[in-house]
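When you get a sec, could you build the whole thing from the sequences and use the hints?
The listed protein sequences derive, respectively, from chains A and B. At position 266 of the first sequence (counting the first as 1) the number is 266 in my numbering, and the numbers step up by one without a gap. At position 74 of the second sequence (counting the first as 1) the number is 74 in my numbering, and the numbers step up by one without a gap.
These are calculated hints, taken from the structure and not from any lab test. Hints are supplied without guarantee of correctness; some may be wrong.
[As the list claims (entries may be wrong)] Okay, derived cross-link-like pairs now, DSBU-like style, lysine-lysine, Cα gap no bigger than 35 Å in a straight line:
{"#": "1", "chain 1": "A", "residue 1": "K238", "chain 2": "A", "residue 2": "K284"}
{"#": "2", "chain 1": "B", "residue 1": "K58", "chain 2": "B", "residue 2": "K128"}
{"#": "3", "chain 1": "A", "residue 1": "K187", "chain 2": "B", "residue 2": "K14"}
{"#": "4", "chain 1": "B", "residue 1": "K154", "chain 2": "A", "residue 2": "K284"}
{"#": "5", "chain 1": "B", "residue 1": "K154", "chain 2": "B", "residue 2": "K128"}
{"#": "6", "chain 1": "B", "residue 1": "K14", "chain 2": "B", "residue 2": "K154"}
{"#": "7", "chain 1": "B", "residue 1": "K128", "chain 2": "A", "residue 2": "K284"}
{"#": "8", "chain 1": "B", "residue 1": "K58", "chain 2": "A", "residue 2": "K187"}
{"#": "9", "chain 1": "A", "residue 1": "K187", "chain 2": "A", "residue 2": "K238"}
{"#": "10", "chain 1": "B", "residue 1": "K58", "chain 2": "B", "residue 2": "K178"}
{"#": "11", "chain 1": "B", "residue 1": "K178", "chain 2": "B", "residue 2": "K128"}
{"#": "12", "chain 1": "B", "residue 1": "K154", "chain 2": "B", "residue 2": "K58"}
{"#": "13", "chain 1": "B", "residue 1": "K154", "chain 2": "B", "residue 2": "K178"}
{"#": "14", "chain 1": "A", "residue 1": "K238", "chain 2": "B", "residue 2": "K128"}
{"#": "15", "chain 1": "A", "residue 1": "K187", "chain 2": "B", "residue 2": "K154"}
[What the hints assert, rightly or not] Pulled from the structure, derived: some chain B residues nowhere near chain A, Cβ distances all over 12 Å:
{"#": "16", "residue": "R46"}
{"#": "17", "residue": "P71"}
{"#": "18", "residue": "A72"}
{"#": "19", "residue": "F89"}
{"#": "20", "residue": "M92"}
{"#": "21", "residue": "E110"}
{"#": "22", "residue": "G138"}
{"#": "23", "residue": "P153"}
{"#": "24", "residue": "P167"}
{"#": "25", "residue": "L175"}
{"#": "26", "residue": "R211"}
{"#": "27", "residue": "L217"}
{"#": "28", "residue": "S233"}
A virtual CB, placed ideally from N, CA and C, is assigned to each residue, including glycine.
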Amino acid sequence: MELLLQTLLNGILMSGIYALVATGLALSLGVVGIVNFAHGEFLMMGAFLSYLLFAFRGMDPLLSLGLAFLAAFVVGALTYQGLIRPVLRAAELNQMLLTFGLSILLQNLALLLFGADTRVVAPPYQATTLSLGPFFLGVVPFGAFLLSLAILLMLQVFLTRSRFGLAMRAVSQNRLAPGLLGIEADKVYLLAFGLAAALAGVAGVMLSVMLYASPTVGFVFTLKSFAIVALAGLGNLKGVVPAALVLAMAEALVSTYLPGGGGLVEAVFFLVLFLALVGRAWRKA
Amino acid sequence: MRLEVQNLETGYGKAQVLFGLDLVVGEGELVALLGANGAGKTTLLRTISGLIPPWRGKVLWDGEDLRRFSPARRARLGLGHVPEGRQLFPLMTVEENLRLGAAFLAPEREREGFERVFALFPRLYERKRQLAGTLSGGEQQMLAIARALMGFPKILLVDEPSLGLAPRLAEEVLLSLKRVVEEGVGVLLVEQNVALSLEVAARAYVVEHGRIVLQGLAHAVLEDPRVREAYLSL
Ligand SMILES: Nc1ncnc2c1ncn2[C@@H]1O[C@H](COP(=O)(O)OP(=O)(O)OP(=O)(O)O)[C@@H](O)[C@H]1O
Ligand SMILES: [Mg+2]
Numbered sequence: 001m002e003l004l005l006q007t008l009l010n011g012i013l014m015s016g017i018y019a020l021v022a023t024g025l026a027l028s029l030g031v032v033g034i035v036n037f038a039h040g041e042f043l044m045m046g047a048f049l050s051y052l053l054f055a056f057r058g059m060d061p062l063l064s065l066g067l068a069f070l071a072a073f074v075v076g077a078l079t080y081q082g083l084i085r086p087v088l089r090a091a092e093l094n095q096m097l098l099t100f101g102l103s104i105l106l107q108n109l110a111l112l113l114f115g116a117d118t119r120v121v122a123p124p125y126q127a128t129t130l131s132l133g134p135f136f137l138g139v140v141p142f143g144a145f146l147l148s149l150a151i152l153l154m155l156q157v158f159l160t161r162s163r164f165g166l167a168m169r170a171v172s173q174n175r176l177a178p179g180l181l182g183i184e185a186d187k188v189y190l191l192a193f194g195l196a197a198a199l200a201g202v203a204g205v206m207l208s209v210m211l212y213a214s215p216t217v218g219f220v221f222t223l224k225s226f227a228i229v230a231l232a233g234l235g236n237l238k239g240v241v242p243a244a245l246v247l248a249m250a251e252a253l254v255s256t257y258l259p260g261g262g263g264l265v266e267a268v269f270f271l272v273l274f275l276a277l278v279g280r281a282w283r284k285a
Numbered sequence: 001m002r003l004e005v006q007n008l009e010t011g012y013g014k015a016q017v018l019f020g021l022d023l024v025v026g027e028g029e030l031v032a033l034l035g036a037n038g039a040g041k042t043t044l045l046r047t048i049s050g051l052i053p054p055w056r057g058k059v060l061w062d063g064e065d066l067r068r069f070s071p072a073r074r075a076r077l078g079l080g081h082v083p084e085g086r087q088l089f090p091l092m093t094v095e096e097n098l099r100l101g102a103a104f105l106a107p108e109r110e111r112e113g114f115e116r117v118f119a120l121f122p123r124l125y126e127r128k129r130q131l132a133g134t135l136s137g138g139e140q141q142m143l144a145i146a147r148a149l150m151g152f153p154k155i156l157l158v159d160e161p162s163l164g165l166a167p168r169l170a171e172e173v174l175l176s177l178k179r180v181v182e183e184g185v186g187v188l189l190v191e192q193n194v195a196l197s198l199e200v201a202a203r204a205y206v207v208e209h210g211r212i213v214l215q216g217l218a219h220a221v222l223e224d225p226r227v228r229e230a231y232l233s234l
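This is the structure:
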């Protein structure tokens, strides 16, 4: 029983980061209408930024968070302006090939610059754990979880209160009307894409401490995010958090209870994606 | 403020829809644009708003050619457009839909806008927290008009507001447009309901196959034998 609860607790703690990254993907998908296979690479960049700042400036990852948010926002905005905007009206397959190509390009660039080794950011509190009765809580996963929730809450306030946030939701619900109301959809897309990248960038900083920075760390998250978004339902931002929880818990259960579970964990997202798509097709039929 | 369309030609792909169309709408006047299905009324409104580029001819705003202006920029100048099919944000509340109509204005103007549209459509005030997608057809149409009014347009294009509404509700909506005109807005009203729109309009144009075939004061157009035969089946 205790093992089960500890396993579920681990799953819950991981779900925050999943939700953060997947919300970014859902934003670029729902608002901009782009299938961005390079989304995880924004996370990878955030992780390496955190590593560089820690290794060469001794900067605490907590401080790197804000910087990574801004940097990833700028990179995302530039990516939109330079690469995405020109193909907005192109066929979907072309758009996907473009973002897929970008993903491979960025991964190889990172490989060239940093090599294939994994790099861990190890601040003094990295291995600290709290014990809650019989359970153990890593300070870093717990902090990352709380931070992720706080960021998602702020995003929620932004999307429901501010004009820019309203405009983002509006664009995702009707493409024609915003222009007729004086809202330049192009600016909204730029902001949404930048924000999507920023969310991934912040998650990257957290991962650089919880896991590591490496050239391929992002791509797995792209795939997992797709599974989460598919489970939540396209355009359903609020569904992302529970869907992230489902994936993270399923992974935790597999890793604890399946023999050789450690190796299978990375396949769980595929099962979730598969079931979500089949379930959806089932309901439609 | 004066919206003028000069010798406008446009279409989709190779299919021409408008064949040299001229029209004027001034501030504070209600102008009806009548015509059968497929005559090109919606296409004309879309071209005025900049959603479709003209092949030839011009859209002038107080004499200035709008050719290089995006639809959003035209809206910010004061050109409102209530599009065919309402195009609301269905998963957002009435209030949020309205706020989006004023998104480019200073925040004080937003409050002023709310007062104005709630005075015009008290029913929207009662339902301001309801999702737009769950409103009745008539309420949705009121919301579409109100949302456009939140931007304080000087000229408002309205595409078939009475479509799918019961006669009494259609009349209510058209009468509300009349009140908007009394506040000084110029309205170009596209309607299938010829009798009703000629009752509220001051002037009217009749379009057939992308050309203006008749224009004049509303009562004169109403008396025209061609109109009576083709649209009023009298
Ligand atoms: N997106 C489009 N692509 C191709 N042809 C179009 C498109 N929209 C309209 N058309 C064609 O252009 C012509 C004019 O259409 P338009 O919608 O302007 O007519 P309308 O006068 O508004 O008719 P209604 O009263 O039925 O709304 C029609 O023949 C229509 O088939
Ligand atoms: Mg039409």
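Against the structure, the hints come out as follows:
1. A:K238 x A:K284: 21 Å, holds
2. B:K58 x B:K128: Violated, because 39 Å separates the two Cα atoms, which is more than 35 Å.
3. A:K187 x B:K14: Between A:K187 and B:K14 the Cα gap is close to 31 Å, so the pair holds against 35 Å.
4. B:K154 x A:K284: Given pair B:K154, A:K284 is violated - Cα atoms ~46 Å apart, limit 35 Å.
5. B:K154 x B:K128: 25 Å, holds
6. B:K14 x B:K154: Distance of about 34 Å is within 35 Å: holds.
7. B:K128 x A:K284: 32 Å, holds
8. B:K58 x A:K187: 27 Å, holds
9. A:K187 x A:K238: Distance ~23 Å between A:K187 and A:K238 Cα, so the pair holds.
10. B:K58 x B:K178: 28 Å, holds
11. B:K178 x B:K128: 23 Å, holds
12. B:K154 x B:K58: 19 Å, holds
13. B:K154 x B:K178: 14 Å, holds
14. A:K238 x B:K128: It holds: about 22 Å lies between the C-alpha atoms, which stays within 35 Å.
15. A:K187 x B:K154: 25 Å, holds
16. R46: 10 Å, violated
17. P71: Its Cβ does come within 12 Å of chain A, the nearest being 4 Å, so this is violated.
18. A72: 5 Å, violated
19. F89: Given a closest Cβ separation of 4 Å, the condition is violated.
20. M92: 6 Å, violated
21. E110: Answer for B:E110: violated, closest chain A Cβ roughly 9 Å.
22. G138: 19 Å, holds
23. P153: 10 Å, violated
24. P167: Holds: least Cβ distance 27 Å, greater than 12 Å.
25. L175: The claim holds: B:L175 sits with its nearest Cβ about 24 Å from chain A, beyond 12 Å.
26. R211: Given that every Cβ of chain A is farther than 12 Å from that of B:R211, nearest at about 26 Å, it holds.
27. L217: 30 Å, holds
28. S233: Given a closest Cβ separation of 34 Å, the condition holds.
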